[in-house]
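Make a model of the complete structure from these sequences and hints.
Below, each chain spelled out in residue letters.
Protein chains: 2
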Amino acid sequence: MTSAKSADSQNRDIDQMLKDKMPALGIDLGGTKIGCAPVADFKVIGEPSKVPTPKGAENIINTLVGLIEEARKKHILRGVGIATAGIVDTETGEVIGSTGNLPGWAGTHIKKEIETRTGLPVHVDNDANAAAYGEVKALGLSDKTCVVAVTLGTGIGGGIIMKGQLFRGAHYAAGEIGHMRSNLNNHRLCTCGLFDCWESYGSGRGFRATAKELLTNVTVDQTPLAALLPDPPVDKVCAAAQEGDIIAKRIVDAWHEHVCAGIVTLAHTLDPDCFIISGGMAKFVDYDFLKELVIDKCLPRVGERLDIHRSSLGDDAGIIGAAQIALDNLVAG
Amino acid sequence: MTSAKSADSQNRDIDQMLKDKMPALGIDLGGTKIGCAPVADFKVIGEPSKVPTPKGAENIINTLVGLIEEARKKHILRGVGIATAGIVDTETGEVIGSTGNLPGWAGTHIKKEIETRTGLPVHVDNDANAAAYGEVKALGLSDKTCVVAVTLGTGIGGGIIMKGQLFRGAHYAAGEIGHMRSNLNNHRLCTCGLFDCWESYGSGRGFRATAKELLTNVTVDQTPLAALLPDPPVDKVCAAAQEGDIIAKRIVDAWHEHVCAGIVTLAHTLDPDCFIISGGMAKFVDYDFLKELVIDKCLPRVGERLDIHRSSLGDDAGIIGAAQIALDNLVAG
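Protein chains in written order, with my numbering: chain A, 7 to 339; chain B, 7 to 339.
Possibly wrong hints are sitting among the right ones.
If several chains are the same, the list does not tell them apart, and a pair holds so long as it fits within one copy or across any two.
[Said to hold, decoys possible] Straight-line alpha carbon distances no greater than 30 angstroms define the calculated DSSO-like cross-link-like pairs of lysine-lysine that follow:
#, residue 1, residue 2
1, K143, K169
2, K150, K169
3, K218, K289
4, K118, K150
5, K80, K49
6, K79, K49
7, K242, K56
8, K49, K289
9, K218, K242
Just so you know, the hints here were simulated from the structure itself, not pulled from any lab data.
Just so it is clear, the structure is predicted and the values come from calculations on it, not from any experiment.
Written out as structure tokens, the structure reads:
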């Protein structure tokens, strides 16, 4: 085939091949730190750099521009993908819904500011959506009818991917699954100000709240965990459960029930092909036990057919996902 | 334009126009009765006929065939749309998930059986999905990103419509929103065998269970409603609330909170443009109050922008929706 091509056409092919190998910079902007790395083919190039998140929108923008300029010294970038907490209008690249972790960030026109200052094409997305996109593409699940990615961290985030595309809802707020209402008795106040959000039970914060509740009337004679009050760390409780501490096991089981509750709700609503669990709490999930619980708590023919995968991208999901959306959408040409 | 057309072409146009006016037969198959009417342009032609649902799959099929043959005496039908309880494989027209209300119905190849016996094209769908489709088309909401139709009846059903198309999930079970888990304490056993499904609180059955709970320690001196135990009827409780009975009002408010809980969960998951509320309980909803509650219990920018519509098709939604899906999909040519 190439023999029939002109020299011009061959040069264009080579240009395109080189361009295809060029990375986008992925940036994961969290409440405490900013992670950043060039990404190509769903892989970060080198070790992601991490800097603390400064206070105030202007300082954050300056830090992001600094990170981009730094990366450009070593890489020719095709664009920038930014994953941020909050509800993001992905057309304009503006944060339209505030997040408690980034005060003053809502209303910032991230895309416009950074494109103006760097000249690079920028895509901005919600962090859980970006991570979901990365996970689905990396696991080769783009042809699935529906995949729900659940980020179990300090809170709970989510992303819904249908046939390889993010489902963003009517106002960019789809996938805010941490705030599904999972209890009716105003038992736990969520950090968002609502009662009984799923994340006030199923997240890391929820785990600790459950541990605190269950340990309240327990003495150190009964379990050494009681000494860890008022804020028992998740890893210590999980380790104790592994070692046979029956009270620790009750806490871990209760947390699995709480994680299960949200998955059951999502399964009956969306009937996805599968779930992907990521985030800092993913390593504490007993996947066989969770799957058993889900089957038990779902209607027949709903639970059995659900796969529950563990994240393949780990902590880099936000960085990789954000960069990959940028590569797939902004700079496809 | 027509002047340039041949006589043949004009005849074809007239054929098509006549065909466009030909109705499909819509059938709504419930646990106690079967409703049936010819439908064209989102309207039933004449008064729907109603017959009791017989026992057993073979008897049901015979009854459906009888209804179709009866309708054919008066109408030239383009096809048949059947809305049934249960999870339906809409490609094969088979009921794949059983429903307690129609024992022995799961496994029936409805489409194949009825097409063979009548020679008409048949589309079979889940009843809540069919109703949702009818409502969305009738309200002119086909261009919306996402509409969630909620059927508040004895139980709760749902249908999710994205850009005018039903979202069926990976295994035809999407929209089973009555079985979202809405409480964590195994407080109410749902008729499906699971605990704390949304429908065990937000449906008509849920309303009566709440009324029963709240009235347990109340005497007839405090409210005449206490005399209605053990199964206080919804209409009587709602009428008493309207007339100022404070205890009745608490029951009605609690039910609104329960309905709200599921809407909040769906709003944070799907971020729809709007909800449509239908079913026998829709007339008891105070829509302004429900909207207030939803705004209060949703994240900022999620609740405010949601519209909550009341059904425009009423009791005929299943019949109209089923026929309309058949018209739009089966016999579009």
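Going back to the hint list, which numbers does this structure go against? Checked against the structure, no hint fails, so every one of them is satisfied.
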